[in-house]
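Student: If you want the building blocks of each chain, they are given just below.
2 protein chains.
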Amino acid sequence: MWKFKTPGIPDEEFKRAEKVPITKEEVRVIQISKARLKPGQIVYDIGCGSGSVSIEAALQIESLGKVFAIDYDKNAIELTKKNIEKFDVPNISVIYGNAKEKILDPEEADAIFIGGTGRDTKEIVELSENKLKVGGRIVIGTILIETLYSVLQVLDKLQFESIDITQVTISKSRKTSTGTMMLARNPVTIISATKI
Amino acid sequence: MWKFKTPGIPDEEFKRAEKVPITKEEVRVIQISKARLKPGQIVYDIGCGSGSVSIEAALQIESLGKVFAIDYDKNAIELTKKNIEKFDVPNISVIYGNAKEKILDPEEADAIFIGGTGRDTKEIVELSENKLKVGGRIVIGTILIETLYSVLQVLDKLQFESIDITQVTISKSRKTSTGTMMLARNPVTIISATKI
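Sequences listed follow chains L and V, in order.
For the first sequence, the working numbering begins at 220 and goes up steadily by one.
For the second sequence, the working numbering begins at 220 and goes up steadily by one.
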């Protein structure tokens, strides 16, 4: 259970599994903010990983809204289910399979998160454009230069406006025997835009 | 008016004034998330500047909660008032004066934001400890090495736990005549902790 209204559940509160990535707290709250959520909305989380973005989105859209969490990795699906149970957030449907097929089924979305889709990101962005309502938001998180480049190419050609690219680099403190050092994390790039 | 539940009002939505700083969107949402807000809470925003943190906090704590926005710069006070009017958020009291005195008046706080307090930060952190409820959160944003150092020194001595230091470096895209470049912003360090 997360008893606060603000997003930003600490990373250590989530159950973890080997080789299943988690969108870290600070990057996650920026992604959630870029989606501009409100109660009752429909959200997809493509490449849901540990389910952290799905859970934070589900809390924002409340019980009248619905999150569709999709992943092609069975470990991610299992982990997302465990985290849904842990945080007691019932308004998430977990869908196992290829996002390029599974994205076709749910009702139209108010917001679509895309993360960790590897080489298919361009196609998934194109499919997302079809599934987004007018005014809907797309939020893509990537660590790959190739994904950033291909997303930029495709976003310009599709019906999107207010394209924003934000690169986020986080460092966190760690106590050493003699003081406090900052430990750098890898930069993450968040691309967001509005469907017109 | 901000019609979404998620924090992260775009910077360009706020009224601005010369020499009055604004906590930028991405840093602001991380600060708001570190405060762990919920409806009905009491929040102080010390060094409120443009009022952007006060307004986002006020939206999270809803009409049953209250934000006390303090600044010693008259331009900041005027600008905060203008932004409160623009976003139609009535649950903020704007207080002009020295935070070291003005912090003594309001009821005990669930969360205290400290930003832009210059040389007085150490004293204001000590006063904040007195004004925070047990379990309350302190969130300090700084660009100064000296402030970071002195806050760390004082937090260790006071009744705080779960001390987190997060340095955030944001780059934003800009179109050039030949492509898209990333423009770096200065790193901001966010220190947060829980009063025990």
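Please note that a few of the clues may not be correct.
A pair holds if it fits inside one copy or across any two, identical chains being indistinguishable in the list.
[What the hints assert, rightly or not] Here are the simulated SDA-like pairs of lysine to any residue, each with C-alpha atoms no more than 20 Å apart in a straight line:
(1) K222 x S381
(2) K293 x I382
(3) K300 x S282
(4) K376 x T397
(5) K243 x Y315
(6) K350 x E320
(7) K350 x M220
(8) K224 x T413
No wet-lab data here; the hints were simulated from the structure.
Student: Indicate, hint by hint, whether the structure satisfies it.
Tutor: Outcome of the hint check:
1. K222 x S381: between (33 Å within a copy, 18 Å between copies)
2. K293 x I382: neither (33 Å within a copy, 36 Å between copies)
3. K300 x S282: within (17 Å within a copy, 35 Å between copies)
4. K376 x T397: Between copies, since 17 Å is at most 20 Å while 53 Å is not.
5. K243 x Y315: neither (22 Å within a copy, 38 Å between copies)
6. K350 x E320: Intra 12 Å, inter 55 Å, cutoff 20 Å: intra-copy only.
7. K350 x M220: For K350 and M220, the Cα distance exceeds 20 Å both inside one copy (31 Å) and across copies (28 Å).
8. K224 x T413: between (25 Å within a copy, 17 Å between copies)
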